[in-house]
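*Asks:* If you want the building blocks of each chain, they are given just below.
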Amino acid sequence: MADSKLDLLQGTLDLMVLQTLAAMGSLHGYGIARRIEQVSGNEVLLNQGTIYASLVRLQQRGWIAAEWGTSDNNRKAKFYSITKRGRKQLLEDTAYWQRLSSVMGRVLSMQHDEGKQ
Amino acid sequence: MTDAIRQALNRLRAFFHKEPLDRELGDEVASHLEFAIEENLRNGLSPEEARRQAYIRFGGVEQAKEQHREARGFLALDVLVQDLRYAMRMLRRDRSFTIIAVLILALGIAANTAVFSVVDTVLLRPLPFPNAQQLTWLAANKGEGGLSAVTFTVDAFEEFQRHNKSFQEVTSYQTFYNSIQYRLMGYGEPLPVFGVQVAGNFFKTLGVQPAFGRLFSREECQKGGRPAALLSYPFWQQQFAGNPRMIGQTITLNDQIVTVVGILPKTFDFGSVFSPGLKVDFFVPAIMDFWRTWGNTLALVGRLKPGVTVAQAQAESNVLFPRLKAAHPEWFEDYTATITGLKDYVSGKLRRSLIVLWCAVGLILLIVCVNLSNLLLARSAARSKEFAMRSALGAGRTRLFRQLLTESLVLSSAGALLGWGLAFVITTYLAHQGSIALPLLSSVRVDGAALLWTLLIAVAAAVLFGLAPGLRISGGSLQDALKNSGHGMSAGRKHERLRAALVISEVALACVLLIGAGLLLRSFLRVLDVDLGFQPSRAAAIKIDYDDQGSAARRGAILQEILRRVDALPGIEAAGIADMLPLDRNRSWDFHAKGRVYRKGELQDSLVYVVTPGYLRAMGMHLREGRDFSWHDTASSGRVVIINQAAAHYHWPGEDPLGRLSVVNGRDTRVIGIISNVRESSVEDASSPEMYLPMTQAGPEGAELVVRTQLPLAALQSSVMRTLRSMNPGQSATEFRPLQQIVDHAVSPRRFFVLLVSSFAALGLVLVSLGIYGVISYSVTTRRQEIGIRMALGATGPRVQLGVMARTMRLAIIGIAVGTIASFAAAKWIASLLFGTSPTDPVTFAGIVLVLGAVALVAGYLPARRASRIDPMIALRSN
Chain A
0 MADSKLDLLQ GTLDLMVLQT LAAMGSLHGY GIARRIEQVS GNEVLLNQGT
50 IYASLVRLQQ RGWIAAEWGT SDNNRKAKFY SITKRGRKQL LEDTAYWQRL
100 SSVMGRVLSM QHDEGKQ
Chain B
0 MTDAIRQALN RLRAFFHKEP LDRELGDEVA SHLEFAIEEN LRNGLSPEEA
50 RRQAYIRFGG VEQAKEQHRE ARGFLALDVL VQDLRYAMRM LRRDRSFTII
100 AVLILALGIA ANTAVFSVVD TVLLRPLPFP NAQQLTWLAA NKGEGGLSAV
150 TFTVDAFEEF QRHNKSFQEV TSYQTFYNSI QYRLMGYGEP LPVFGVQVAG
200 NFFKTLGVQP AFGRLFSREE CQKGGRPAAL LSYPFWQQQF AGNPRMIGQT
250 ITLNDQIVTV VGILPKTFDF GSVFSPGLKV DFFVPAIMDF WRTWGNTLAL
300 VGRLKPGVTV AQAQAESNVL FPRLKAAHPE WFEDYTATIT GLKDYVSGKL
350 RRSLIVLWCA VGLILLIVCV NLSNLLLARS AARSKEFAMR SALGAGRTRL
400 FRQLLTESLV LSSAGALLGW GLAFVITTYL AHQGSIALPL LSSVRVDGAA
450 LLWTLLIAVA AAVLFGLAPG LRISGGSLQD ALKNSGHGMS AGRKHERLRA
500 ALVISEVALA CVLLIGAGLL LRSFLRVLDV DLGFQPSRAA AIKIDYDDQG
550 SAARRGAILQ EILRRVDALP GIEAAGIADM LPLDRNRSWD FHAKGRVYRK
600 GELQDSLVYV VTPGYLRAMG MHLREGRDFS WHDTASSGRV VIINQAAAHY
650 HWPGEDPLGR LSVVNGRDTR VIGIISNVRE SSVEDASSPE MYLPMTQAGP
700 EGAELVVRTQ LPLAALQSSV MRTLRSMNPG QSATEFRPLQ QIVDHAVSPR
750 RFFVLLVSSF AALGLVLVSL GIYGVISYSV TTRRQEIGIR MALGATGPRV
800 QLGVMARTMR LAIIGIAVGT IASFAAAKWI ASLLFGTSPT DPVTFAGIVL
850 VLGAVALVAG YLPARRASRI DPMIALRSN
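Residue numbers (numbering that gives the first Met the number 0), protein chains in the order written: chain A, 0 to 116; chain B, 0 to 878.
Just so you know, not all the hints are guaranteed correct.
As the list claims (entries may be wrong) - Below, computed lysine-lysine pairings styled on DSBU-like, alpha-carbon distance capped at 30 Å: (1) A:LYS83 with B:LYS64; (2) B:LYS324 with B:LYS222; (3) B:LYS141 with B:LYS827; (4) B:LYS222 with B:LYS203; (5) A:LYS87 with B:LYS64; (6) B:LYS64 with B:LYS203; (7) B:LYS593 with B:LYS222; (8) B:LYS348 with B:LYS17; (9) B:LYS17 with A:LYS77; (10) B:LYS203 with B:LYS265; (11) B:LYS141 with B:LYS348; (12) B:LYS64 with B:LYS164; (13) B:LYS278 with B:LYS593; (14) B:LYS542 with A:LYS77; (15) B:LYS324 with B:LYS203; (16) A:LYS75 with B:LYS278; (17) B:LYS278 with B:LYS164; (18) B:LYS593 with A:LYS75; (19) B:LYS17 with A:LYS83; (20) B:LYS17 with B:LYS164.
Calculated from the structure, these hints are not laboratory results.
Please build the complete structure, drawing on both the sequences and the hints.
*Replies:* Now the structure itself:
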């Protein structure tokens, strides 16, 4: 089963977390993890625990903010939200990813005989 | 960019707030799991399954926490702190090991730091003057011969100063400063003080600015100018309590009123650069017009123009001096100067000695490292179970290696700290040894460079001695470790071999060190054994003042009376007066056999001493032929001279010069006596031709009263001083100088080196004996059961003992053999430092080999005896 899931590339999780927070507003760790799993259609191999390393990294860079609060079902949890600088960073990273993936797409769709040019 | 900084700051904060952050994370993870369980329950899973799924999805809780810590802080730093803490705990537990290791390291590092400070000051660092690389020393006569030979006349100095193109400045000082006696008047008894006369531009050339006041003005350097003096900083502090109002005040030197125009800076020490061991109280201008007729008296120092090399200046000197000589037919000689960097002149002769010293402490450090490596290996073997356990619990090899290296670093840091303190004490002590005639020694101190050096060697040492055990631990396999520490097994063979190799190299290193030190020590003993040509023991000299108003007859009468009164004092066996003492200072005059034709360049000036009758006897000099002077040799009687053997051989080869005529400074003089050679300028150099002239016929340069006595000098001081005062109330308050002190001063550089090298060698010997003892003793401990079995099977105690001893001696003999071979090379390298000792001196080599062998024997005997007393029953049962 594990074979069929996507292993996360270095740094991709940070970007997913930023995007999730940008789209959903304030969320706690579990919420973020679940959201990523749902959106990816359960295609991503994610140990939910790894999200916390990502969160602290983003927080230390000042791209997200954290605050203890209470959830809908009255449970104490730490809620994360994206900051202004985080949004800026998200724009940059998104542009970078899109460029990279389009380049990767072109390279990987290269035909065998094109090498002759 | 700012984000990166923000992150670094946050990480740093996280490093210091581990606990609250960990607690917060724990809460967060707990709530995460509860959310998950709740959702799983909602999805209809059983409570147990809901929980299980939540944990599976989360992944390892501890792993996640570790990742979190890694992301937020400095993991490497965390590990370091952990390692440090662990290392401290281990070292505290093994207290005796730690103390021994730190002590050994401290000794090794102290020796290295102290020697580095000396080497740095004397060899590496530039002289304490601005742009010191431009300063040069100019010596006439290729720098060979006594002071009169290598110095210049005022004319030669001024002509060269005027015409040269290579130097910004050429300056000079009066080298016969010993001959000019100054007394400071008006502060109680006349106080003998020491002054040096320098050219007006002396301080400007060196780049020395006065701490207070100003340098000499042009007018003050001219004949008839207002007398002026610059005080040295220590003299100003000591005599005038550092009173800044001294500037512009007058002091009385002899009978002259002199204005103090300035105070020289604390950092300027004339003696340490130009005449090691000399303490100068003040400087006065050398009035060139006064010295013009005095012959060669000036030492020259120059400051090269920027971009001019010593070689270029030398080339100019080679051309310019012959031209000047051609223009001045009245010059005695061609003063072509040999130019060297001032630094080379000051410390060039010491280079080899200091480098040898440096190598010796390097060897010590290596021995220390090998020794500690051995100790740590023994420990690591004892700790192999611990490491196997940690390894089984998941510690990686690099982690274990790092742990061991951390421990070595902690050890060496402690050693470095202690060693640095020790080095500080040693160098402070050395810097205050005025009696050691080594240049710049007074400015030796442990400074930033030395601190850096300490740090460097501490780290290098830690890596060196931590490497072997570290590699062994991290390289060995888990099973091996567990197997090796099992029942009845001896330590692994590889391990034993490594330790044996360490012992062998330690013995070899110590062997080289000991043989080198042995050769130097033997040379020193030979130097002490040199026949000086006079007997320094039980004799002492005191400077005396008298006023002869320039008349030789009057001088004769005064001196005869002084000697008569001193001779009459109880306890005086012999007394005599000379203007200069051997090994102290000298001058030279023209001297040759009358009627003999000398080849060009063959004739050199001879050293001259002007003495009274009885001086030779008071000094314990040996009159081989002829007679001593008498008071009947006067200005009106025939001129007479006593020469030494060297002069006899040189000027009358194969003949007996007694009764023959010689020419002294152009006047016919009869040779009336021949004395054995006297070591006049250095204990180690062969004697050169000397002549002795009577005080009644030649002009002396000062006067030293030499007495030979059985009494302690302190008892004699007051009675002699009273006698001198009764003759001359203005006699300054000087003290007796034992002749032995003058000899000691002359051999002090060699004594200094020998003392240091020998103490390093002794240290090496102690370390080696510790090393051998440690290894053999350890191997006996680990082989207890093996020995027990062998004894149970019939091996006797003496046989076991013999086996252990044989093993010890095998290691020692291999080490000694390797060391001896290496010593031959090392000895050849230090051959130029030896005196009267061959670099392959069989006595030294044999002696050291025996000493090392004996030490190995003793070091091996103790554990061997313990081995022979093992009770097989106890040994076999004790597992």
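*Asks:* It remains to establish, for every hint, whether it holds in the given structure.
*Replies:* Cross-check of the supplied hints:
1. A:LYS83 with B:LYS64: Distance ~28 Å between LYS83 of chain A and LYS64 of chain B Cα, so the pair holds.
2. B:LYS324 with B:LYS222: holds, 26 Å
3. B:LYS141 with B:LYS827: holds, 28 Å
4. B:LYS222 with B:LYS203: Satisfied, since the Cα-Cα distance of roughly 20 Å is no more than 30 Å.
5. A:LYS87 with B:LYS64: holds, 29 Å
6. B:LYS64 with B:LYS203: violated, 71 Å
7. B:LYS593 with B:LYS222: This hinted pair is violated, its Cα atoms lying about 39 Å apart.
8. B:LYS348 with B:LYS17: violated, 61 Å
9. B:LYS17 with A:LYS77: Since the Cα atoms of LYS17 of chain B and LYS77 of chain A sit roughly 18 Å apart, the hinted pair holds (cutoff 30 Å).
10. B:LYS203 with B:LYS265: Measuring from Cα to Cα gives roughly 16 Å; hence the hint holds.
11. B:LYS141 with B:LYS348: holds, 16 Å
12. B:LYS64 with B:LYS164: violated, 78 Å
13. B:LYS278 with B:LYS593: violated, 43 Å
14. B:LYS542 with A:LYS77: violated, 94 Å
15. B:LYS324 with B:LYS203: Cα-Cα ~28 Å, so holds.
16. A:LYS75 with B:LYS278: Cα-Cα ~82 Å, so violated.
17. B:LYS278 with B:LYS164: Status violated; Cα separation ~34 Å.
18. B:LYS593 with A:LYS75: Given that 30 Å is the threshold and the Cα spacing comes to 119 Å, the pair is violated.
19. B:LYS17 with A:LYS83: Judged against 30 Å, a Cα distance of about 28 Å means the pair holds.
20. B:LYS17 with B:LYS164: Answer violated: LYS17 of chain B to LYS164 of chain B is near 72 Å, above 30 Å.
Consistency with the previously given hints fails for numbers 6, 7, 8, 12, 13, 14, 16, 17, 18, 20, ordered from lowest to highest.
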